[in-house]
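Participant: Can you build the whole structure from these sequences, using the hints too?
What follows is each chain in one-letter form.
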Amino acid sequence: MRSERPVGQVPMWVVALLAGSLAMQVLLRVESRPAAPSAEDLPAAPRPALLRVAALGEPAALARLGMLYLQAFDYHGGNSLPYSKLDYIRLIGWLSALQGLDEKSEYPLFIASRVYAEVPDPVRQRQMLEFIYASFLVDPGRRWKWAAHAALLAKHRLKDLPLALKYARAIDRFAASAPNVPMWARQMEIFILEDMNELDAARILLGGLLESGQIDDPGERLFLQNRLKEMESRVKKSAR
Amino acid sequence: MRPVLILGRFVILEARRTGLPTLFACIAVTGFGLAGFLSQLALTESSALQASVLGAFFRLSSVFLISAFVISSMVRESNDKGLELLLSLPISRAQYFLGKLAGFIVCGAAMAGGLALLLLFWSPPLPVAAWFVSLSMELALMASVSLFFVLTLTQVVPALAASTCLYFLARIVASVQAISSGPLSGEESFLQRLPAWGIDAVAFLLPPLERATQTSWLTYGGPSPGELLGVLGSLAIYGALVSAAGLFDLYRRNL
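Chains as they are written, first to last, in my numbering: chain V, 4 to 243; chain L, 24 to 278.
Everything labelled a hint here was simulated from the structure, so no lab data went into it. None of the values given here were measured: they were computed from a predicted structure. All C-beta atoms, glycine included, are put in the ideal place defined by N, C-alpha and C. The reader is advised that the hints may include incorrect statements.
Unchecked claim - Label-pair restraints from in silico Cβ distances:
id	chain 1	residue 1	chain 2	residue 2	range
1	V	Asn183	L	Glu233	43 to 51 Å
2	L	Gly59	V	Ala57	22 to 30 Å
3	V	Asp198	L	Leu217	41 to 49 Å
4	L	Asn277	V	Val33	32 to 40 Å
5	V	Val141	L	Gly59	36 to 44 Å
6	L	Ala259	V	Glu121	55 to 63 Å
7	L	Leu278	V	Glu109	55 to 63 Å
8	V	Arg8	L	Leu112	13 to 21 Å
9	V	Leu161	L	Ala224	31 to 39 Å
10	L	Ser212	V	Asp198	37 to 45 Å
11	V	Glu109	L	Trp220	52 to 60 Å
12	L	Glu250	V	Lys88	23 to 31 Å
13	V	Glu121	L	Leu66	38 to 46 Å
Facilitator: Okay, structure coming up:
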């Protein structure tokens, strides 16, 4: 440890200068604290190649930092409806670019489906759901759960059953071979068809699923068999 | 006043004899090469592209050069027991500190002037003048920051690392502050707000470098006089703060 002379050895003018300039510095910085960026401040997304250069060999880190940067736009204390004024075309450009920077990261799809797709604006919700769907098609085996969430949002928030069916059908078609896709996700199509009163189609799909022998669990099998019987009786009733 | 001027003159002499002009020439030649390369690639706005890339390159290079010069010069003098020798003469510690700082500031201003002259090839004189004044002030500030750290930490690597960290933190802290207020978890508790307050507290002790020497001045026109004065004033206040801290440390040092 370096030995030091007592503070009394420091001339008064140096102490006064230190205290005065410190006070002025803090006051200035308090006055000029930057506000959270508004929706209008969101710039156009950079090209993925440019982002890769800017990442300096650390794309995963930049992808996550980029998400923190992105989520600050149009979110601040007094904002009662965060993210509802954002330009979703630009926003999707950013999400795609950041997703491209780190394909394995789930952050962009998480924030797209849980945050940006939940703004109370059907047009923006649809734009975000289409982004999720397009991302799912790139890597269905890994991103099926976001497509499933998109199907639920389309069904319950937008009340758009054909759109929900499109997403559910895509899960069954593209992610069926993936090892980690649970049966409930693949069965979504059947139940959406049922909700749409497309009972014949739902019945055929459910019957095919049961016959394929893919359902091992006896409880689940029994539940689906009962559901199939219920559908068949509804079909018969409607035929009369 | 006279000892301050003499010490300042010796710093300038040292800069001349330790190869600082050669390094400056290297930066200038690299900048010219970079500009020529970029002009071959650009389809449009080639002058704006060259000015903006060179502005950023010159700014970073000159800051690094001045910090490295201040730190290496002071460490060399300390190793040669030059400080003890000088303070045995009728020179106060404040005169020693201010003399050294004045010399470094002149070196920084000369460097900024040379780089600004080069930028006149790609940008109009007024924005370049504003860029020059701001860069001179920024280099003066970084000279005082480096002087403070080298007097406190006394070794090259810790002092250079501390100066570099402070510089980059000061450049990005406003962006970090802006994004720190956006957690998505609804109600913000005391613990959730704590990191944001911490970032604010750090920002209070950093210079507003994000507003200084902006490359956009070279491409879209310089700042208004009020804006420029505001930037220069806040850099001057921080310069005074860090110089006072350096002086405080120097006066307490037991030689």
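Participant: Where does the structure disagree with the numbered hints, that is, which hint numbers, in rising order?
Facilitator: 6, 9, 11
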